[in-house]
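What follows is each chain in one-letter form.
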Amino acid sequence: MATISMIRWLALGAALALAAPAVQAQQAPIKLGELNSYSKWAAFTVPYRNGWQMALDEINAKGGVLGRKLEIVSRDDGATTGDATRVADELVTREGVSLLFGSFLSNVGVAMADYANQKKIVYVAAEPLTDAITMAQGNRYTFRIRPNNFMQVGMLVEQAKASGAKRWAIVAPNYEYGQSAAEVFKRLIKERVPGAEIVAEQYPALGKIEAGATVSALEQARPDGIFNVLFGPDLTQFVREGNTRGLFEDATVLSLLTGEPEWLLPLKDEVPEGWTVTGYPWDQITEPKHKAFVEAYRAKFNETPRLGSLLGYMTVYMIRDAIERAGSVETEALIKALEDAKFDTIIGPVTMRGIDHQSTMGAWVGKLVQQGATGGMTDWTYKDGASFMPSEAEVKAVRKE
Amino acid sequence: MEPSFLVIQSLNGLASASSLFITACGLTLVFGVTRIVNFAHGSLYMIGAYTAATLVPWLLQFYFGPVTFWAGILASALVVGLIGVVLEIVLLRRIYAAPELFQLLATFGVVLVVQDLVVQIFGPQDILGPRAPGLRAPVEILGRRFPSYELVLIAAGPIVLGLVWLLLRKTRFGVLVRAATQDREMVASLGVNQAVLFTGTLFLGAFLAGLGGALQIPRVAANTGMDLSVIAESFVVTVVGGMGSVPGAFLAALIIGQLQAFGILIFPKSTLVVVFLLMAVVLAIRPYGLFGRPEVVGGTHAVGIVSRKPRSSDMAVAVIVLALLACLPLVADAYLLKVATEILIFALFAFSLQLLIGVGGIVSFGHAAFFGLGAYGAALGIRWLSAPMEAALPLGLLLAAVGAALIGAFVVRLSGIYLAMMTLAAAQILYAVAFQWVEVTGGDNGIVGVWPAEWASGQTRYYLLTLGLTASAVLVLRRVIDAPFGYALRAARDSEPRAEAIGLNIRRHRWLAFILSGAAAGLAGGIYAFSRGSVDPSLLGIPTSVDALTMLLLGGIQTVTGPLVGAGVLHALRDQIMPLTSLWRLFLGLSIIAIVLIFPRGLVGTVGHWREARS
Numbered sequence: 000m001a002t003i004s005m006i007r008w009l010a011l012g013a014a015l016a017l018a019a020p021a022v023q024a025q026q027a028p029i030k031l032g033e034l035n036s037y038s039k040w041a042a043f044t045v046p047y048r049n050g051w052q053m054a055l056d057e058i059n060a061k062g063g064v065l066g067r068k069l070e071i072v073s074r075d076d077g078a079t080t081g082d083a084t085r086v087a088d089e090l091v092t093r094e095g096v097s098l099l100f101g102s103f104l105s106n107v108g109v110a111m112a113d114y115a116n117q118k119k120i121v122y123v124a125a126e127p128l129t130d131a132i133t134m135a136q137g138n139r140y141t142f143r144i145r146p147n148n149f150m151q152v153g154m155l156v157e158q159a160k161a162s163g164a165k166r167w168a169i170v171a172p173n174y175e176y177g178q179s180a181a182e183v184f185k186r187l188i189k190e191r192v193p194g195a196e197i198v199a200e201q202y203p204a205l206g207k208i209e210a211g212a213t214v215s216a217l218e219q220a221r222p223d224g225i226f227n228v229l230f231g232p233d234l235t236q237f238v239r240e241g242n243t244r245g246l247f248e249d250a251t252v253l254s255l256l257t258g259e260p261e262w263l264l265p266l267k268d269e270v271p272e273g274w275t276v277t278g279y280p281w282d283q284i285t286e287p288k289h290k291a292f293v294e295a296y297r298a299k300f301n302e303t304p305r306l307g308s309l310l311g312y313m314t315v316y317m318i319r320d321a322i323e324r325a326g327s328v329e330t331e332a333l334i335k336a337l338e339d340a341k342f343d344t345i346i347g348p349v350t351m352r353g354i355d356h357q358s359t360m361g362a363w364v365g366k367l368v369q370q371g372a373t374g375g376m377t378d379w380t381y382k383d384g385a386s387f388m389p390s391e392a393e394v395k396a397v398r399k400e
Numbered sequence: 000m001e002p003s004f005l006v007i008q009s010l011n012g013l014a015s016a017s018s019l020f021i022t023a024c025g026l027t028l029v030f031g032v033t034r035i036v037n038f039a040h041g042s043l044y045m046i047g048a049y050t051a052a053t054l055v056p057w058l059l060q061f062y063f064g065p066v067t068f069w070a071g072i073l074a075s076a077l078v079v080g081l082i083g084v085v086l087e088i089v090l091l092r093r094i095y096a097a098p099e100l101f102q103l104l105a106t107f108g109v110v111l112v113v114q115d116l117v118v119q120i121f122g123p124q125d126i127l128g129p130r131a132p133g134l135r136a137p138v139e140i141l142g143r144r145f146p147s148y149e150l151v152l153i154a155a156g157p158i159v160l161g162l163v164w165l166l167l168r169k170t171r172f173g174v175l176v177r178a179a180t181q182d183r184e185m186v187a188s189l190g191v192n193q194a195v196l197f198t199g200t201l202f203l204g205a206f207l208a209g210l211g212g213a214l215q216i217p218r219v220a221a222n223t224g225m226d227l228s229v230i231a232e233s234f235v236v237t238v239v240g241g242m243g244s245v246p247g248a249f250l251a252a253l254i255i256g257q258l259q260a261f262g263i264l265i266f267p268k269s270t271l272v273v274v275f276l277l278m279a280v281v282l283a284i285r286p287y288g289l290f291g292r293p294e295v296v297g298g299t300h301a302v303g304i305v306s307r308k309p310r311s312s313d314m315a316v317a318v319i320v321l322a323l324l325a326c327l328p329l330v331a332d333a334y335l336l337k338v339a340t341e342i343l344i345f346a347l348f349a350f351s352l353q354l355l356i357g358v359g360g361i362v363s364f365g366h367a368a369f370f371g372l373g374a375y376g377a378a379l380g381i382r383w384l385s386a387p388m389e390a391a392l393p394l395g396l397l398l399a400a401v402g403a404a405l406i407g408a409f410v411v412r413l414s415g416i417y418l419a420m421m422t423l424a425a426a427q428i429l430y431a432v433a434f435q436w437v438e439v440t441g442g443d444n445g446i447v448g449v450w451p452a453e454w455a456s457g458q459t460r461y462y463l464l465t466l467g468l469t470a471s472a473v474l475v476l477r478r479v480i481d482a483p484f485g486y487a488l489r490a491a492r493d494s495e496p497r498a499e500a501i502g503l504n505i506r507r508h509r510w511l512a513f514i515l516s517g518a519a520a521g522l523a524g525g526i527y528a529f530s531r532g533s534v535d536p537s538l539l540g541i542p543t544s545v546d547a548l549t550m551l552l553l554g555g556i557q558t559v560t561g562p563l564v565g566a567g568v569l570h571a572l573r574d575q576i577m578p579l580t581s582l583w584r585l586f587l588g589l590s591i592i593a594i595v596l597i598f599p600r601g602l603v604g605t606v607g608h609w610r611e612a613r614s
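Just so you know, the protein sequences line up as chains A and B, in that order.
For the first sequence, the positions run 0 to 400 when numbering that gives the first Met the number 0 is used.
For the second sequence, the positions run 0 to 614 when numbering that gives the first Met the number 0 is used.
Calculated directly from the structure, the hints in this document are not laboratory data.
Idealized CB from N, CA, C, for every residue including glycine.
Accuracy of the hints is not assured; some may be wrong.
[What the hints assert, rightly or not] Computed far set for chain B versus chain A, every beta-carbon distance over 10 Å:
no., residue
1, 123
2, 198
3, 447
4, 499
[Unchecked claim] Derived coverage of chain A by chain B (criterion: at least 3 residues anywhere in the stretch with Cβ under 8 Å from a Cβ of chain B; other residues may be distant):
no., stretch
5, 157-164
6, 319-327
Isolated chain A, as found in the complex:
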């Protein structure tokens, strides 16, 4: 991980260089605690770190917030629940951070939400997607930015209606995120597509898929629709086996997150064309603010942005706005500033809904297509999250407060 510590040192150097001339009327910086699975899920989290680093540099170049610089203390969360809460405790008690944000896996997100509730500190779950974080396990200290499973699956199921597929098979990683997505899918497909049934379900352990056996077990059920929740190395192996064995040929495939560059690029020239996915067609989004972000990112890191980059960038700006509006970093003031707050982000306006602390950030839904040596999205539209959120009644029914 030479590059990472290199980046860290460079960042430190840059921070020192920038800070040196401005040592007038110094106030201590505002410390934010950040934790993520940098070693286990580098494909997503390293671009994510680049994103927040870029936002941080921009904010501090303009003088920080409330007249103080922002400082982000970042740690690896080890991708397990125990390590994450341990690291969070270190950030809170030793580093004295004002709030926490980050984490990647949904199970870690749930544990962090529980930790935030126990220790009464604000936690902004940027990426974890399970509904639990804002529904059954939700609490007043935890906020989420990405559209959750209920919202993203809702967007996909809308697309499924037209396909006419009735016999659905599910394949999902066997942990919080996969279980939650599969559960929502089962519910929504039965509610919204009359006559739909689930004919096969496969839940390989995360990162341990036996792709050949899984594909032939699905094939056995002869589904005409497949709902996929796999990502990362599991997805790559599943797609390769599925392509070889013709699993996808006559089936409608709905797939969560597969259009995001972090998961799409490793597929190289084996992109399963025609899959309906949620993703991030970064090169085709024409909004000027987003274009400026892409250009700045490419110039800074000599790399194309991933969804993680966008998320890291947005998250830090939203936190900045919240601190500015709260006028302090007191937990209660921050909660008040976050609830029902409207943010002007580079992908448009986003609201943090007060009742469940779920933001209205949306997702891009489209079809996969091979573009030369890599994959991309086509026929896509941006779906605003606001129209796919669970109803207030549903939220009230499951949240324990």
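With chain A's structure known, arrange chain B on it following the hints.
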């Protein structure tokens, strides 16, 4: 189920079996000759996969064709073979005569080092290799498509078996390998050059590991977790087949491949358990595997604490240390107290292991099983029975003790390396249960919301509670070690035949030691769960077991207070160094190797040795 589906599924199983056999065959050969269970075998497999996944696409740029592809695979395996040679010369050669525990730990140190080096060299991304040129199109079998590469893999297993058989039967090297597998001392006394024989075997073993890894690249992305997952499966194969037996490994790989392929249909969520359960059943019926032979173990290999008269000053020192620890909250901040709490917990965990290893000579490589059971017992009590902390902690202890009684009943029949493997398997079964029985244990999610009761919450109060519980447990164990029961365990450790001759029931004593030690580890696990607020399967994983062993080793296996000191030093170091570097595992691995090679007495042992030497 249609017959064509069954055929395809069993072909899937055969393909996995073939790749597993190629890797496990190397492990079993190395064990046969050197008597070392090489944990780093999985790392060699991983290096093979990474090398091939980088090398083959590079070669294919120059000339795209099957020849290039297969040449790249062989070249990668050769590279790994050479790494094996280096490993033998630098490390293994120095530990052939060391106790098994040291061998296992040293090779595990290599695992840690390689994990960080691989990330440094190949980057953190998973790398999926290219498909084999000419084998991209599937084959139609009974109306179903089947990847043609898998057919090649299915053939590769028997081909490797044939070649290894020829090598062992028809060459002088093979004769020597077989001779050494049967009786190493005899081969040595006949004047065979051991250095060349051992280095050659390591080359062969590493080559096979590398080949196994390289062959995977078109179907599995090279990733940083593949070392531990393949080593666990390879252990099962070698143990089930009988350690050192190549045909045994082949048969075992076939059984396991089919079990996994059909297991996914019957128990789609418990594929991991099935494999380890097979191992436990085989070991329970045939303690030396299908084709294995009983191991000749002398008492010479056991290391442990010596018998000595308790000094009267010991009690005074213990009281002073306790008093100082109790005063810690007066000066320490919340974070320091948190670290101190964790150190106390690990100290109890390591101390409980000392009863087995140092006193009983029972090298348990799966002590995490009991730590994890204690933690899960407490967490399950909270989640399912809504028990308060006061009831959940004893529940965890009870679950760990029951678990230890069950596992111990199987384990005490074994000895040496088979015992270590059986305890490892037991821990892995529990890990798999915790990981895959999602409805009860929460699977990968673990169980959250395990917070202490109101009166014990807050860093200071929880620290004092932990201090009270761990100190009492350590004192009880200490008493047991100095009691006649402890002496009986030591007698059995040093000489089984003599201990039996004077009428000691060795198995029952060892079984009781297992229960005691398991219960103490379970208590530590329960306290740990409440200090973190959650439990997850990693508490039952191999790294947790190795943690305890490392603490023991660092403090000194031949001393009573060693594990306590070791726990303190290791955890304090980890807390200081881990946030600073991403190379913590490299550092830890090198330290373990250094301790084994340079100062096997450990910290406390070395200090004691100096003191004795001076007086």
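Now the hints, each set against the structure:
1. 123: violated, 3 Å
2. 198: Label holds. Min Cβ-Cβ 32 Å, cutoff 10 Å.
3. 447: Non-interface label on residue 447 of chain B violated, nearest chain A Cβ at 4 Å vs cutoff 10 Å.
4. 499: Label holds. Min Cβ-Cβ 44 Å, cutoff 10 Å.
5. 157-164: violated (count 0)
6. 319-327: With 0 residues in contact (Cβ-Cβ under 8 Å with chain B), the coverage given for the stretch 319-327 of chain A is violated.
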